[in-house]
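Following the hints, complete the assembly by docking chains B and C onto the known chain A.
Residue numbers (the numbering used here), protein chains in the order written: chain A, 24 to 303; chain B, 2 to 318; chain C, 65 to 269.
Since the hints were derived computationally from the structure, they do not count as laboratory data.
A few of these clues could be false.
[What the hints assert, rightly or not] Partial pick of chain C residues on the chain B-facing surface, computed with a CB cut under 7 Å:
| no. | residue |
| --- | --- |
| 1 | G142 |
| 2 | K184 |
| 3 | T253 |
[As the list claims (entries may be wrong)] With a straight-line Cα cutoff of 30 Å, these simulated DSSO-like cross-link-like pairs (lysine-lysine) come out:
| no. | chain 1 | residue 1 | chain 2 | residue 2 |
| --- | --- | --- | --- | --- |
| 4 | A | K171 | C | K184 |
| 5 | B | K99 | B | K209 |
| 6 | B | K99 | C | K81 |
[What the hints assert, rightly or not] Using C-beta positions, here's what the derived DEER-type ranges look like:
| no. | chain 1 | residue 1 | chain 2 | residue 2 | range |
| --- | --- | --- | --- | --- | --- |
| 7 | B | N66 | C | S170 | 36 to 44 Å |
| 8 | B | H175 | A | R141 | 45 to 53 Å |
| 9 | B | D167 | A | P137 | 54 to 62 Å |
| 10 | C | T253 | B | P203 | 51 to 59 Å |
| 11 | A | R229 | B | T71 | 39 to 47 Å |
| 12 | A | W175 | B | K76 | 37 to 45 Å |
| 13 | A | W175 | B | A206 | 34 to 42 Å |
| 14 | B | N66 | C | A158 | 55 to 63 Å |
Values in this document were obtained by computation on a predicted structure and should not be read as measured data.
C-beta atoms are modelled at their ideal positions from N, C-alpha and C, and glycine is treated no differently.
Read off the chains here:
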Amino acid sequence: MASLELGQAIQGEALMDSYSRGNPSARRIKRVRWGRGTALFLAALYFIVPFYAAMQFCLQDVNGHFTLQTFTQIAQAPGFYSALWLSTQLAVATMAIVLILMVPTMIYVHLRMPRFRRVMEVITILPIVIPPIVLIVGVDGVTPLWLKSSQWLLALIYVVLAMPYVYRSLDAGLGAIDLKTLVEAARSLGSGWVSIIWRVLIPNLRSALLSASVLTLALVFGEFTIASLDGWTTIPVWIYLTPTTNPRINTLVAMMALFGTALVLMLIVSFDRKSHLRRS
Amino acid sequence: MSDLITDTSPSPSGVSDENGSKKSRAGALLRFGRTGAPVLPFLAYVSLGPLLPTIAIINLAFRSNAGKLTLANMKVILCTSNNQACLQYRAGFENSLKLALVTSIVPGILGTFVAYAIATSKHELFKRLTAACSGVLAQFGGVNLAFMFIAAFSAVGGVATHWLADIGLNPWNHGFNLYKFWGVAFVYMYFQLPLMILIISPAFAGLKESWREAAEGLGASTWRYWRHVGLPVLAPAVLGSMLLLFGSGFSAYATAEALTAGTIAITPIQIGAILNGNVLSGEANLGYALGFAMIVILLISVIGYALLRRRTSRWLR
Amino acid sequence: MTTCPTSFADLTNPAYKNEVAINNDPTSASAAFYAVWAASIANGGSYSDIQPGITFFANLNKIGNFVPGGTAATAAAGTTPILIWWDYLQNGVASSVPGWKSVIPSDGTIAAYYTQAITKDAPDPAAARLWEEFLYSSLGQNLFLQGYARPIELPGMIANKTVNQGFLAKLPAAPKGAVTFPTMTQVNTAKATIASNWASAISGS
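Next up, chain A with everything else stripped away, as it sits in the complex (with noise of 0.2 Å):
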């Protein structure tokens, strides 16, 4: 204990040196300028290093030479663009239902049940204590043939799965914007329920609407599990179950249904002048 004192002292004393010699919160703030600098390089190059290695051996012939010509494989590969169209289809659907569910019942609770909000959260928490590997078995074992066999179940399925991220993203939207007086200056002006909402609301919601769709995106063009187990050739199973005799058409395929959307949510951000608005 005495050591502990002892290096108090010595810290305080240096301190107090530091002070008389100038600006310890500019020696500070290098330190931290060093420290942040790698940790954000390191995490970059985490990041980044795999994505280039793969991009590069999809873009690569058989011999070690740079080609465009994988892209045309792909659309020649068989039962592509079935999986195409069948994830475009659930993604759609997914993102219709989740969006008409959540976007009222959050209007509504931010409005007028503001202390549900934290029930709601739990809620939204829920579908990550059920694994999709069980979540599926499950659903087999409750639903009726005639949806057993429909692609639509995979479609409601994912609404669950997306629910935690559509949720975040619209609260934080919701939170962003002075909602209640919108909602009063449109009231007191004459307009109805359903035109607040379509003509005030959503337009000032855009990018959280806009990032909760393309998290939805991202989810059904990278959910396989469900999507196997079930029977349905999305594109991740279509990746992982369909040999090409190219393999580099499927790392392909699936480097883009992983950053195209990346790039589309970076996008959305970058134009969006509005989030960095918030209520304090």
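Positioned in the frame of chain A, the structure of chains B and C alone reads:
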């Protein structure tokens, strides 16, 4: 429907009613029923969606093939008899838990540092871009991620492996194996790290700059600040987030399946092999029992997360 | 890779480090399961004993030759150049991937057959039966032949001259000797053995 804005009814947060709490609680319930009606579709979907299948799983986990109630499945997966046939499931759980722990602690700590680095940046656009990036990367996983890593790091033909081999650092020669435990953990980091950054970033808002300045004014060094102010405030948030990462790492199936073609012995893969493979048959209820066990473990971790989060929100007010 | 292996024993050659794979996992994919069984026969096992096969692959794993995550896709990519798989499926891929060679190992082979079943609760059992009729007609059997598999009616079709000669010519040589199949009991025992022993054998390194 009453006007949403001019809400004159007393808020459910509890009007001080001298006539006893019973009246206000019943009143609150009634009020919820009236005002809560529009929330019902959401509640219905959310409860039907995950809950009905869960009930089916719990039911089937405790039934034999003939349909009779039994604890036999539970006995097998808990492997109390040390019988050779059931050791694999115990090994599966051990591997799954180990994988979940590793991919929650390591990204947890690293993610906190990276998130701090981002949070203390002065560039708004950078912060928003990294937030968006984290959002999408946290969703990565499964087949797409596995294929990317195979293309980059496989032993024969991996592009990054070639680069490293050219500078004499071929990881495969030093014990690295993409398709075994540590390789899978390495790949899991790709979505666990962004997930951590995503979850922990709001917590830094609760660490007020004024506290830092006050501490410095009182003569505290950086280390003392963190030890007495920063870490205690952040600890519940970090721990809670790590619990969420634990859940995510524990339940991941597609990534491990695509990466190892189902050869790694973790519980989700075993469930897949029992219920969807074409080698084992007639053991479906065992698969349900394994699923039930997974749900219990995940429930515990989510409850832990919720409790820790309540402690965290104290600082964010 | 310059020299292709011709037997299971060849696979232990250090030149094949990190190159040998089975298609998928033996506890969930039939092709992989039979691959281990064939290795077992090559190493002193039999239809009643699959353990030598598990030991063989455990050893292969320990010396670093075995790669767990193999599929047809990784083999075509070159990331797992040696793949142990059904011959009829290999021949299907060989026609489209240049340089692919399909070899039947000289020291251990195994055969299996596919069966079709109609589920009791099928919504349209009559349609299912018609489908099965088609599969076992000469038209259906010739389609199997086109896929390099040996249809069950092949001897009869050769006798009746209903077989498609072009497809028959492309069929690789049948393995020497009579082809036998393990019984259901033996299959079930083997499955139980592999389910409990495979994972620990492979991960132990």
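Here's how the hints hold up against the structure:
Checking C/G142 against chain B: minimum C-beta separation of about 5 Å stays under 7 Å; hint holds. Using the Cβ-Cβ criterion of 7 Å, the hint placing C/K184 at the interface with chain B is not satisfied: the shortest such distance is roughly 16 Å. Given hint, C/T253 at the interface with chain B, is violated; its Cβ is 12 Å from that chain's nearest Cβ, farther than 7 Å. Only pairs whose Cα atoms come within 30 Å are accepted, and A/K171 paired with C/K184 is accepted, the gap being roughly 17 Å.
For the given pair, B/K99 sits about 36 Å from B/K209 by alpha-carbon distance, which is inconsistent with the 30 Å threshold. With a C-alpha separation of about 28 Å, the suggested pair B/K99 and C/K81 falls inside the 30 Å cut-off, and the hint holds. Look at B/N66 against C/S170: about 42 Å separates their beta carbons, and that is inside 36 to 44 Å. At roughly 49 Å, the beta carbons of B/H175 and A/R141 sit within the given window of 45 to 53 Å.
Remark: the range hint 54 to 62 Å for B/D167 to A/P137 is upheld by a beta-carbon distance near 59 Å. Range check, C/T253 to B/P203: about 56 Å between beta-carbon atoms, so the 51 to 59 Å window is met. At about 55 Å, the beta-carbon gap between A/R229 and B/T71 misses the expected band of 39 to 47 Å. The hinted window of 37 to 45 Å between A/W175 and B/K76 holds, with their beta carbons roughly 39 Å apart.
Taking the beta carbon of each, A/W175 and B/A206 are about 41 Å apart, inside 34 to 42 Å as hinted. The hinted range of 55 to 63 Å is not satisfied by B/N66 and C/A158, whose Cβ atoms lie roughly 42 Å apart.
When each numbered hint is compared with the structure, violations occur for hints 2, 3, 5, 11 and 14.
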